[in-house]
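All chains should be built: construct the whole structure from the sequences, respecting the hints.
Listed here are the chains, written in short residue letters.
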Amino acid sequence: MWGFSRAQAAALLVMVVLVVVSPAVLYPVFLMKVLCFALFACAFNLLIGYVGLLSFGHAAFFGMGSYISAWTAKNWGLSPELAILLGGLVGMALGVIVGWLAIKRQGLYFAMITLALSQMIYFICVEAPFTGGEDGIQQVPRGRLFGFISLNPDMAMYWVTAIVFLAGFLFIHRIVHSPFGQVLKAIRENEPRAVSLGYRTNDYKLIAFVLSTFVAGIAGGTKAIVFGIATLTDVHWSMSGEVVLITLLGGLGTIFGPVVGALVVSAMENYLAQFGAWVTVTQGVIFVACVLAFRRGIVGEIGAKLRLAL
Amino acid sequence: MFMIFGIPGPLLFGQLLLGLINGAFYALLSLGLAVIFGLLNIINFAHGSLFMMGAFAAWILLEYLGIGYWPALILSPLIIGAFGLLLEKTVISRLYKLDHLYGLLLTFGLSLIIEGLFRNYYGSSGMPYQIPPALSGATDLGFMFMPNYRGWVVVVAVVVCFATWLVIEKTRLGATLRAATENAPMVQAFGVNVPRLVTLTYAAGVALAAFAGVLAAPIYSVNPNMGSNFIIVVFAVVVIGGMGSILGSILTGFMLGVVEGLTKVFYPQGSATVIFVVMVIVLLMRPAGLFGKAA
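Residue numbers (our numbering), protein chains in the order written: chain S, 1 to 310; chain X, 1001 to 1295.
Simulated from the structure, these hints should not be mistaken for lab results. For clarity, every value in this text was computed on a predicted model and none was experimentally measured. Check the hints yourself; a few may be wrong.
[Claimed, not checked] Chain X side only, calculated, beta carbon under 10 Å to chain S, not exhaustive:
hint	residue
1	Ile1043
2	Asp1099
3	Ala1175
Using N, Cα and C, we set each Cβ at its ideal position, and we do this for glycine too.
And the structure:
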């Protein structure tokens, strides 16, 4: 069903059960952070894992989604679902421009262009009045879902986040396992060949990029509503690096990798937060270790052991 | 005081000079990136961190060993170059058979480690580094007062860039290097030790970055974040220039520094983004870059 193999369906079931049960055991606010980053990483993974595009500027879409949701929820009093949706749409609009420019060049240049453009967006966010500069947008109300369900209780917010995450997760999975997704994989494996078969690969890349930035914007918007704050951290290049790290550690091109990666990286940062810059060092070490010894990531390695595609 | 386009002359020339200095660093860094990319097919994300290490090496030499600016100008690139050699030998050389993206990810990880460690030991506030006495003070050029050190940085950067270009384009070593960039297995078949050439090239690129770091130390404060702020702009410079030509990277670097300096005069709010705007324009007009060959 929906392109899930039996093993994947079983893993999906486990994941859904964990999403439902874990707030009884773990702090819901922490779990919401994990879910937002997991969704962000799923969006990023659509590009690197299935099209072979390394976008080193995904924080721009995540951060812009977060700013737009926070601003509209606070200043226009939009209900949270509309604010999040608008965050996704603005992230997507930005994705159209950035993607269209970056796809003009291939390979490493693509990565450098996305990084440079996201840095430009960062500087614009520093200067623009609506972002609140260094202070960010603070005290964003969580508001009422559909105008009548208050999200102030953490558990109510948690269920909304969980549903947004699952919807985004299934959306990405659906894209990957559609005929469109097959073409994306063909581009990843051998772009000249896909061109020779008559596919306009640049159009496919752009559509994938835009879909990914939409989901990234949704993830950023959800995070802003959950935490009631949108800051420059969300648009900074280190956030782009973080989503690369999450996906790489979890497993590039695996469906569940980004989720596992988000859990591990968020947990690590929580425990190491008291040690200041050691977080950065640890992230660097994980990067190096993953690239040198562990390129399939956690889920990829487990899948290889069990001979399953997870 | 005379005016140009309604701007006081000294202000304009002062910013132009600052722009040239930034341009000198862009040129030195993008030159190293281009040489490394040519042979290793790796975008060295750690280049910014190595630039920062170069500045720190000079500061540490002065602070703990009392070794001044002039010896540091030689010693620091040697030390950091040796460190680069070690990096290439131990980790980077394992990646040559893999997708080029892994090189970017690995060097990104290395830069996180390096910057994190330096931030742990030295904080993020930045340490001052004195201008050497021989270069302190300023000279009256008639149209402006030029701080001697700034003039020195521009001159020495031009000389080093030109020397690098000479080595690559006009010497036998450079010819081998260019040949290996075109077709490494063929050059190896002629009996050249290509792996050693690759290692030395990486070390040389790193040494250039460290040299730029020492030059930068008295201008900016020496701090662990100085590299990452630079490197992303340098990436944009590399995209604008294209990495096909050595002279191209040098020219693009200086040119963009000047553009940035001018923007500081005429539209200060735009100075942080102007290079990225130029990148967008170049991508629209000449997608392969100013000096790049179409893929």
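Verification of the supplied hints:
no.: 1; hint: Ile1043; in the structure: holds, 5 Å
no.: 2; hint: Asp1099; in the structure: holds, 8 Å
no.: 3; hint: Ala1175; in the structure: violated, 26 Å
Of the numbered hints stated above, the single one contradicted by the structure is hint 3.
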